[in-house]
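A.B. asks: Okay, here's what each chain looks like letter by letter:
2 protein chains.
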Amino acid sequence: MIRVFGHKSPDTDSTAAPILWAWHLNGSGREARPALLGEPNTEALFVLDRWSLERPEVIEAATGDVVVVDTNNPAELPDLADADVIGIIDHHRLVGGIETAGPIDVTIRPLACTVTVMAEMMGDERVMSAPEGVRGAALSAILSDTLEFRSPTTTPRDRDLAERLAEGLGVSIPDYAAEMFAAKSDVSAFSEAELIRMDSKEVEVGSLRFRVSVLETTSPEQILGRKDALLDAMPKVAVEDGLNEVLLFVVDILREEAHLLLSSDLSRGVAEKSFGAKAEGDVVVLPGVMSRKKQIIPALKA
Amino acid sequence: MIRVFGHKSPDTDSTAAPILWAWHLNGSGREARPALLGEPNTEALFVLDRWSLERPEVIEAATGDVVVVDTNNPAELPDLADADVIGIIDHHRLVGGIETAGPIDVTIRPLACTVTVMAEMMGDERVMSAPEGVRGAALSAILSDTLEFRSPTTTPRDRDLAERLAEGLGVSIPDYAAEMFAAKSDVSAFSEAELIRMDSKEVEVGSLRFRVSVLETTSPEQILGRKDALLDAMPKVAVEDGLNEVLLFVVDILREEAHLLLSSDLSRGVAEKSFGAKAEGDVVVLPGVMSRKKQIIPALKA
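Chains as they are written, first to last, in the UniProt record's numbering: chain X, 1 to 302; chain A, 1 to 302.
By construction, these hints were calculated from the structure, which means they are not laboratory data.
Be careful, since some hints might not be right.
Which copy is meant is left open, because identical chains are indistinguishable; a pair holds if it fits in one copy or across any two.
Unchecked claim - Straight-line alpha carbon distances no greater than 16 angstroms define the calculated EDC-like cross-link-like pairs of lysine to aspartate or glutamate that follow: (1) Lys294 <-> Glu256; (2) Lys301 <-> Asp84; (3) Lys278 <-> Asp105; (4) Lys273 <-> Glu60; (5) Lys301 <-> Glu192; (6) Lys201 <-> Glu256; (7) Lys293 <-> Glu99; (8) Lys227 <-> Asp282; (9) Lys227 <-> Glu167; (10) Lys8 <-> Glu54; (11) Lys273 <-> Glu125; (12) Lys236 <-> Glu163; (13) Lys301 <-> Glu99; (14) Lys294 <-> Asp282.
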């Protein structure tokens with residue numbers, strides 16, 4: 001039995017892509033099951049509920065045959081020493097950490113969403129033949145990763161597939177995306193530390209190590225209303241995680257801009273050097289900034 | 001302009017695959033040129049001559065846009081710091097050494113030959129539409145990597161493609177493969193140290209580091225006739241390269257067996273532990289052993 005899972009702190013793509021690929025493998029005569037490396041975020045929970053999908057099992061350790069999707073980064077995965085990685089399907093930069101004993105299937109494409117990479121592999125017709133719930137999950141992943149086609153990571157391929165899926169499902173993309181983003185934006189149940197770690201990646205820049213956290217929301221006022229508590233928690237999280245600094249970007253999906261919270265001179269320096277922003281006070285608005293992969297990390301590394 | 005190249009010490013696959021992929025990219029409107037990281041081996045030289053192909057430029061440094069084929073191992077590549085790796089196409093185990101700034105196209109498949117992976121990507125019809133020389137190179141790569149379908153790495157996919165290519169070219173596979181292997185088997189021009197380094201990979205086993213050298217030949221007597229000089233050169237090469245030991249496998253393509261040369265107690269121990277061979281004297285025959293990737297390295301690592 002093959003386990004298919006995405007990264008820790010599963011978002012919609014890391015929840016939907018395993019569901020789609022496990023369905024595809026089962027249909028190809030290979031027994032497979034999706035799994036999650038942790039509790040899905042509020043948007044992914046909304047998607048599972050909306051499409052009446054069973055929540056994939058949450059696993060802590062990886063054993064047996066596994067297919068890793070939506071990441072190729074060991075830091076975002078459990079120890080793979082007892083697992084037999086038979087495939088990797090991803091759309092992130094090559095991090096170069098996973099080693100295998102023999103040749104395996106690896107497919108990485110510069111597309112916005114893992115689901116779109118899978119469609120390239122199995123063919124659109126096959127995706128369109130999936131049960132309604134699986135197609136709903138696939139559509140959700142593309143809308144989530146592209147922020148309804150607003151993110152600069154969006155390719156025509158992602159958009160075409162999402163539009164075909166939506167048409168087949170009889171779903172209005174603007175209405176459905178608004179529902180999804182509202183679910184993602186409801187973060188009232190989370191502590192500040194949980195918010196900071198929710199959708200974050202560790203990034204090395206020279207000798208510095210940052211936690212680059214992104215909160216995508218259609219109601220930024222909900223998060224910015226907790227600004228003082230977040231600014232207070234950021235240095236504590238950095239110390240706890242052995243990092244130099246937390247960079248917290250609150251991405252306003254509808255206005256297509258990010259609010260970067262500035263908890264120190266170091267983050268003010270980053271805002272100035274990497275984003276050319278005039279960094280006074282404790283928050284700065286970065287117009288047009290929506291994507292960690294395509295905009296934030298390249299700006300930090302430049 | 002995109003440079004397409006394989007690994008250092010180019011063999012037939014690392015010569016032919018860049019030619020095929022550069023042709024494909026040019027036909028897709030992206031200017032590309034094949035390149036070689038060193039002089040091609042005698043078999044690859046025969047192939048270039050037989051199909052009247054221009055020898056790709058030999059380059060020492062990688063700059064600009066590059067597509068890496070037939071390897072994903074930085075140890076087999078030049079420094080990539082000044083290059084922009086835009087794609088990797090391979091059929092070896094994931095070594096996990098290449099990092100990129102952004103997401104790129106990576107396609108690795110457990111097939112015998114990089115050319116077959118490329119056919120999976122561009123479609124067989126596209127391969128069959130290539131000029132005669134490109135198709136000749138593609139056929140040669142598959143016959144070389146599969147040792148005319150004798151190697152256990154061979155998949156039905158590799159075999160089907162080679163048979164289609166041969167039919168289109170009006171080539172008899174047994175006759176052509178025999179010519180190719182005769183070219184590869186003529187190693188009279190090389191010193192012992194050159195023979196040892198010609199087709200070799202560094203392999204770590206626990207705390208030991210081996211150079212695992214494979215000489216595929218249809219006339220093993222030509223190499224085994226130089227056994228004493230080879231046994232003499234092996235420890236010297238190991239010291240020069242900072243390794244514990246050279247393991248030299250002379251693969252008899254027609255008899256489907258390997259002769260492992262034993263230059264020390266360490267290599268005798270390896271022969272016994274990894275291959276269950278009774279290792280007395282200075283050479284041992286390992287029946288059925290033909291593939292470093294599928295047989296030798298897994299046996300060493302087990």
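A.B. asks: Look at each hint and say if it fits the structure.
C.D. replies: Here's how the hints hold up against the structure:
With identical chains, the CA atoms of Lys294 and Glu256 are at most 16 angstroms apart within one copy only, with a shortest distance of 14 angstroms there and 51 angstroms across copies. Taking CA atoms no more than 16 angstroms apart as the test, Lys301 paired with Asp84 passes between copies only; the shortest distance there is 15 angstroms, against 33 angstroms inside one copy. Taking the shortest alpha-carbon separations for Lys278 and Asp105, neither the intra-copy value of 46 angstroms nor the inter-copy value of 37 angstroms comes in at or below 16 angstroms. Taking the closest pair of Cα atoms, Lys273 and Glu60 never come within 16 angstroms of each other, the shortest separation being 39 angstroms inside a single copy and 36 angstroms across copies.
Within a single copy, Lys301 and Glu192 get their C-alpha atoms no closer than 27 angstroms, and across copies no closer than 47 angstroms, so neither meets the 16 angstroms cut-off. Taking identical chains as interchangeable, the C-alpha atoms of Lys201 and Glu256 are never at most 16 angstroms apart, the minima being 21 angstroms within one chain and 50 angstroms between chains. In this assembly of identical chains, Lys293 and Glu99 lie within 16 angstroms of each other by CA distance solely across copies; the values are 14 angstroms between and 23 angstroms within a copy. In the homo-oligomer, the alpha carbons of Lys227 and Asp282 lie at most 16 angstroms apart inside one protomer (9 angstroms), although the nearest pairing across protomers, at 74 angstroms, exceeds that limit.
When the C-alpha separation of Lys227 and Glu167 is checked against a cutoff of 16 angstroms, the pair qualifies neither within a copy, at 40 angstroms, nor between copies, at 70 angstroms. Proximity of Lys8 to Glu54 under the C-alpha cut-off of 16 angstroms is found in neither arrangement, the shortest distances being 19 angstroms within a copy and 50 angstroms between copies. When the C-alpha separation of Lys273 and Glu125 is checked against a cutoff of 16 angstroms, the pair qualifies neither within a copy, at 47 angstroms, nor between copies, at 51 angstroms. Neither within a single protomer nor between protomers do Lys236 and Glu163 lie at most 16 angstroms apart by alpha-carbon distance, with minima of 43 angstroms and 64 angstroms respectively.
In this assembly of identical chains, Lys301 and Glu99 lie within 16 angstroms of each other by CA distance solely across copies; the values are 13 angstroms between and 25 angstroms within a copy. For the homomeric pair Lys294 and Asp282, neither the shortest alpha-carbon distance inside one copy (25 angstroms) nor that between copies (58 angstroms) is at most 16 angstroms.
Hints 3, 4, 5, 6, 9, 10, 11, 12, 14, counting from the list given before, are not met by this structure.
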